[in-house]
Amino acid sequence: MTQPPVQEDGADRGGNGGSVGKGWRTGFIVLAIVLGLAVVGAIVWGVIAATSSPAPTPTTSAPTPTASPTPTPTPTPTPTPTPPPVAAPACTADGLSVTLGEAQGAAGTTGQPLIFTNTGAETCTIQGFPQVAFVGDDNGTQLGAAAEPDGSTTVATLELAPGDSAQSMLLIATASNFPNCTVQPANGFRVFPPNDSGAVFVPTTAYQACSNTDVALLRVGAVGAPD
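Per the numbering used here, the very first residue in the sequence shown carries number 346; after that it's consecutive.
Hints may contain errors.
[What the hints assert, rightly or not] Taking CB as the label site, the calculated pair distances span:
#1 Asn525 <-> Ala433: 44 to 50 Å
#2 Pro430 <-> Asn557: 20 to 26 Å
#3 Thr425 <-> Pro548: 18 to 24 Å
#4 Pro426 <-> Thr454: 47 to 53 Å
#5 Gln449 <-> Thr499: 15 to 21 Å
#6 Pro507 <-> Thr558: 37 to 43 Å
#7 Pro424 <-> Glu493: 18 to 24 Å
#8 Thr502 <-> Ala438: 17 to 23 Å
#9 Phe546 <-> Ser497: 24 to 30 Å
#10 Pro434 <-> Thr499: 20 to 26 Å
#11 Ser497 <-> Glu447: 44 to 50 Å
#12 Asp572 <-> Pro422: 31 to 37 Å
#13 Pro548 <-> Glu493: 36 to 42 Å
Worth flagging that the hints you see were computed from the coordinates, not collected in a lab.
Each residue gets a CB set at the ideal place from its N, CA and C atoms; glycine is no exception.
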């Protein structure tokens, strides 16, 4: 019986070894290609992702509301002060009548009220001491010294409406009681209302004066309310 030829082990291994080596090379090449494609794909994908990233959404901030202007406070008007009432003008001789009240006798002295009446159309004020002197010689000549103020009386301001009156007490010493008095009949009194330069003649023949001025027969009190 004829036997098949026996192949050498080395030749058989050699043939299989070449096939295996070729297979490894082919696989390595394929793997390298795949890896290369993967790398390229990754790069391309990164570029695409970078370029296709959505634009950042702009931040929108709410508009700051404009502050309303602060209203200017309206200043409180300063109240106009009420002016004090205007005082009535002083009574003057032009708007007064002067008459004699009822005389009051005392030892050596007579109290003669002088009555001042407002004859004008408006209220006036009267205050202080009138000036009084005897007059005679039938021509208004002053006789003797003028009356001295009586400091024992109170000075007050009186308002005289039209028709109202005030009075001042005139104290008259008896002329004959003074040895150095040159007695002379008087025709009356010249009376200046307080704080006025105008005079009123008040006629009376009830009294005697001293013609010399060194004898003081008259004293006059401040004007006050009538009795």
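Here is how each hint holds up against the structure:
For Asn525 paired with Ala433, a C-beta distance near 45 Å keeps the hint of 44 to 50 Å intact. Pro430 and Asn557 have their C-beta atoms about 49 Å apart, which leaves the hinted 20 to 26 Å range violated. Separated by about 53 Å at the C-beta atoms, Thr425 and Pro548 break the suggested range of 18 to 24 Å. Between Pro426 and Thr454 the CB atoms are about 52 Å apart, so this pair conforms to the stated range of 47 to 53 Å.
The hinted window of 15 to 21 Å between Gln449 and Thr499 holds, with their beta carbons roughly 19 Å apart. Taking 37 to 43 Å as the suggested C-beta distance range, the pair Pro507 and Thr558 conforms, at roughly 38 Å. Distance hint for Pro424 and Glu493: a CB-CB separation of about 51 Å, inconsistent with the stated range 18 to 24 Å. Our hint of 17 to 23 Å for Thr502 and Ala438 holds, since their Cβ atoms are close to 18 Å apart.
The hinted window of 24 to 30 Å between Phe546 and Ser497 holds, with their beta carbons roughly 28 Å apart. In this structure the hint that Pro434 and Thr499 lie 20 to 26 Å apart at CB holds, the actual value being about 23 Å. In this structure the hint that Ser497 and Glu447 lie 44 to 50 Å apart at CB is violated, the actual value being about 21 Å. At about 52 Å, the CB distance of Asp572 to Pro422 disagrees with the hint of 31 to 37 Å.
Distance hint for Pro548 and Glu493: a CB-CB separation of about 23 Å, inconsistent with the stated range 36 to 42 Å.
The structure fails hints 2, 3, 7, 11, 12 and 13 (numbered hints given earlier, in ascending order).
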